[in-house]
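Protein chains: 2
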Amino acid sequence: MVIEGVQPELDGGRFPVKRVVGERVVVEADVFADGHEAVAAELRFRTDDQAAWRDVRMALVENDRWRGAFPVSELGRYRYTLRAWVDPFGTWRRDLEKKAQAGQDVSVDLLLGEQMVGRTARSATPDDARELRDWVKRLQSRPGAVEAALDPGLLAVMDRYPDRRLSTTYDKQLLVVVDREKARFGTWYEMFPRSCSAELGRHGTFADAEERLKYVAGMDFDVIYLPPIHPIGHTHRKGKNNTPRPEPHDPGSPWAIGSEEGGHKAVHPQLGTVEDFESFVARAREHGMEVALDLAYQCSPDHPFVKEHPEWFRHRPDGTIQYAENPPKKYEDIYPLDFETETWPELWEELKSIVLFWIGHGVRIFRVDNPHTKPFRFWEWLIEAVKAEHPDVIFLAEAFTRPKVMYRLAKLGFTQSYTYFAWRTAKWELEQYFTELTKSGVAQFFRPNLWPNTPDILTEQLQTGGRPAFMQRLVLAATLGASYGIYGPAFELQESQPLEEGSEEYLDSEKYEIRDWELERPESLADFIGRVNRIRKENPALQSDRSLCFHRIDNDELIAYSKCTEDRANVVLTVVNLNPRLTQEGWLELDLDPLGVDPDQSFQVHDLLTEARHVWQGSRNFVRLDPSVFPAHVFRIRARVRTEHDFESFM
Amino acid sequence: MVIEGVQPELDGGRFPVKRVVGERVVVEADVFADGHEAVAAELRFRTDDQAAWRDVRMALVENDRWRGAFPVSELGRYRYTLRAWVDPFGTWRRDLEKKAQAGQDVSVDLLLGEQMVGRTARSATPDDARELRDWVKRLQSRPGAVEAALDPGLLAVMDRYPDRRLSTTYDKQLLVVVDREKARFGTWYEMFPRSCSAELGRHGTFADAEERLKYVAGMDFDVIYLPPIHPIGHTHRKGKNNTPRPEPHDPGSPWAIGSEEGGHKAVHPQLGTVEDFESFVARAREHGMEVALDLAYQCSPDHPFVKEHPEWFRHRPDGTIQYAENPPKKYEDIYPLDFETETWPELWEELKSIVLFWIGHGVRIFRVDNPHTKPFRFWEWLIEAVKAEHPDVIFLAEAFTRPKVMYRLAKLGFTQSYTYFAWRTAKWELEQYFTELTKSGVAQFFRPNLWPNTPDILTEQLQTGGRPAFMQRLVLAATLGASYGIYGPAFELQESQPLEEGSEEYLDSEKYEIRDWELERPESLADFIGRVNRIRKENPALQSDRSLCFHRIDNDELIAYSKCTEDRANVVLTVVNLNPRLTQEGWLELDLDPLGVDPDQSFQVHDLLTEARHVWQGSRNFVRLDPSVFPAHVFRIRARVRTEHDFESFM
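As given, the protein sequences belong to chains Y and U, one line each in that order. The opening residue of the first sequence carries number 1 in our numbering; numbering runs sequentially from there. The opening residue of the second sequence carries number 1001 in our numbering; numbering runs sequentially from there.
Bound conformation, chain Y alone:
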């Protein structure tokens, strides 16, 4: 028996694929044997802590391709493998049928069948054995033997006793990591708590940040992500706009972690205490939000590690500690850790204890800063160790680096990953990139989290496209990605001034100073964002990326795509005008099958952004989008169905 071409199988089984609780794992494989005998195959699965396999029969698709599926209902790790065998009874039955139809003498064949059924009876349960002995008698009777041989009742009993003596088990056990639903569907909001003060110029505290929660929850976000909350170093502290000479009151970058007041397990005193943080987490939960913490494994020169463990850093020939650099850029306020230092086991354990510390204080989501500059092996070890104890923990990789490195980090265990979405602006780029992310093997291990902006990324498009560009990018992120996030309030207030011409850094970046945001400004997109996020909540089609399907439209400035639930009960079609300045119109050529639409029936398109409803018919339909009004349609598709009483209605 040959079992090959198993899908999913990541790098020969070296890495697990990813699912969330409640999903199914659909497995396909080429299964065949030499010769002409009939074959049977089954899928075997179990959780890591179960001893016994559960088995599901696979079915032939076509061309020796078999398919089966199993559900994953528990957090943690599952294993699966395949087993196949030649099926002598099935072969005998198939051949007998052909011979009987051709009117051939089958008496010797019937003898063979009697032997097979009799043998099976000897190892069957008493009830089945009795039934099988009856079948043996019927196989001996003339006439009537052929009818008995081909009776589905006999097949049903025989199928309970597959002859697996010569079965072949696939030589690998493949892995699935099962996460909670948030790993697939989440709506993130990043904010700096120090900018949450109600009084101009005062450093915000966790208590101030709690007051801000109602505002964020009002936009229907469900993850609130905070940049590092730890004490900030003094040495080589950066001033406003990343200048090397800070003013005395400049607060410094939160990523320059550690001072005399503590390191990664401490809270910056100006924000409050660990207890204040816990209160913030609890209040967020009341608002339906989880808190995500930043995990940035690097130190300011004032971090306690520098004194207590100088051996955890690299030293230069002149005796100084090597600061971070990406030549010719220098980051003298940051010392990278030396993950390959001689005492690395001690260092790694300390780094793990930081994650466990914050888990102990209510955190279950970590946004990991620059994981690609630390060893792959470290991440695999860390994530596996943490998730063995806490399978509900989510790690988001912030690795803006080469594609293969990003994919590797996802394979090594990161639950979600930042993407190149911010820089994919043309229709062909978006179609190509999201086809790769959702339709290739990448979808088995890489879960994209889409950000139109971050504190480090103010794209040229947002700098120049005005309010329509922000709306357009928000809709793209929120409907292309089941997980997406924005950095606010910069986003909803459409902050768009770069540090300088050609830079993607914000002018007066919150990374280096406290900002006083005027949340109530009338042009704020908060209401619009809230509307989009509620559409995401109410439409399960938008809560997964697997069904993404691009549709043709005869204008390169318009992009169209749909998502649907497996049963097609919820279908959303999005059309976005990618040009922030000019009205665009075009003819859609819809692929009706993924929309669940019958080509001969009209269907309703209900724009969830504007509440407008239209009745469309067939593939070709016209759209026109004025970016100064709404740069996008987010249509719920309602197929027309004929009811029992021949009364037409929309589902």
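Be careful, since some hints might not be right.
In the BS3-like style, the derived pairs of lysine-lysine whose C-alpha atoms are separated by at most 27 Å in a straight line are [stated by the list, open to error]:
{"hint": "1", "chain 1": "Y", "residue 1": "Lys404", "chain 2": "U", "residue 2": "Lys1439"}
{"hint": "2", "chain 1": "U", "residue 1": "Lys1329", "chain 2": "U", "residue 2": "Lys1387"}
{"hint": "3", "chain 1": "U", "residue 1": "Lys1098", "chain 2": "Y", "residue 2": "Lys330"}
DEER-style ranges, computed between Cβ atoms [said to hold, decoys possible]:
{"hint": "4", "chain 1": "U", "residue 1": "Gly1005", "chain 2": "Y", "residue 2": "Ser619", "range": "36 to 44 Å"}
{"hint": "5", "chain 1": "U", "residue 1": "Glu1431", "chain 2": "Y", "residue 2": "Ser602", "range": "35 to 43 Å"}
{"hint": "6", "chain 1": "Y", "residue 1": "Ser602", "chain 2": "U", "residue 2": "Gly1502", "range": "43 to 51 Å"}
Treat the hints as calculated values from the structure; they're not laboratory data. Think of the CB as a built atom: it goes at the ideal place given N, C-alpha and C, for glycine as much as any other residue.
Given the structure of chain Y, go ahead and fit chain U onto it with the hints provided.
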């Protein structure tokens, strides 16, 4: 270091890829490390009987993809793997250059470099050590140190001492089977020696077949393949046209092997003796042809095995031996061997000894009958065992079965394989099938051998299309496939009567009777076939399948494709009219790059079938093919080149 996505790598290294002597193995892999350090990679290769690896540096292509290549010059098995390492000197040099360009202080960096070069000097050859110590001095001098650091001379010496202490070797050793050239390029002619008699009605002998060699060699074939030459059984012998009641003089099917006169190691007495066969092999060699024997592991009821080893066959409940069947078809003149019998090691050894016996009598090519009805494991064992002693042996698999089974047999060791070519007649089918065979991973292990007809296959197209269909299919086979063959003289004499409506069997098939072929009939295609085969011999582009490239042409009845040598010195463009009745014309849209043609220069197309020459320009060119004259163009492309003296000529 990560090394992944290695190509070629067949099923995780389970199976070897295939090459012929003189070719190169181009290997690609994704190679990258965590962090920002420069990396280096090399390809390691050796033959199976060498202990030491030879190393070739790989080069970065793009996006972390690296490429290298090694030549295979010996028959047998090669191994290859990859090794990669971070390159501290390369990293240091790259970063120093950036820092120096930005005008930064690099004194500490120079200290680091001194240490690195000094360390390398201590493990270098005396000459290199002297040179490296000079470089250390130059790195200490001010000014001039930066120039020294970036000097390519220093890099050249340092590159001879890569720091491989932390190198990563790919965890698999991958295999290549290297065959002789005939495995890639061969022109086959199948004939029944018993039909070679000059006298009407007399059973032909090997001596008669020797006389026929000149005729076959005249068409420039280089492999002559004979159906089984062994004694033919009497029991249940088939008569003319496969009737169950033979006349006394019916010769029986050569595939019903074995009688009182011997089995697979004997020669049918009416053909002659083993010595006569050896003489035939020697004469064929004089004509530039090799003899391929049929290897059909099955027995007539009269085969000596049946008496001597009844345990090598399956027995039915009524005590009789199970004959071959494919319900409802019965082959009572043939007993299949039971490869899984309890004494299988003895049976397998005997079957191997048959191959070795004929190798001992000068045979190096075996056409294997129905390998898909015997165990996969048997073929892998047999072919590996035979090729370990005789790496020049070629096995052609005659497995007309499901695609995955055909591919599996090729992976298990068959040198070449029959294909679905005979039934691929429409342009889209031919393009799709030959793209799969030559452009996907399949090309690494599956070598197609194209047959427009066989004694079992007279396609509907040949039955109905007349002479143009035979010419068209011959050109397609001979130019799409570096290996192809015909069953003659049925092919060149355009034998086209089927046994019955809807059948692909020949009427009066040579499988069941002796045929008296009128070779000199004026309509014979022998001259045309000879012309095509000489074109194949003279144009190395046609001797390999890897370069196959389809070109667009705006008529679905016309197909166009090219092949070229790696250096583009020989380029052949074939255009075939697939309609055997009507003249077709159309505009070609040539892809000029694989033709080695400069878009701005005109080029000559020289029809090697008709000797007509035309000068073309650019991609769009017109063709018109009348099937009643010639249904194909086989153009040699001659790019116009400007010579030293500005004299234009065609290469």
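Hints broken by the structure, by number, lowest first? Structure breaks hint 2 only.
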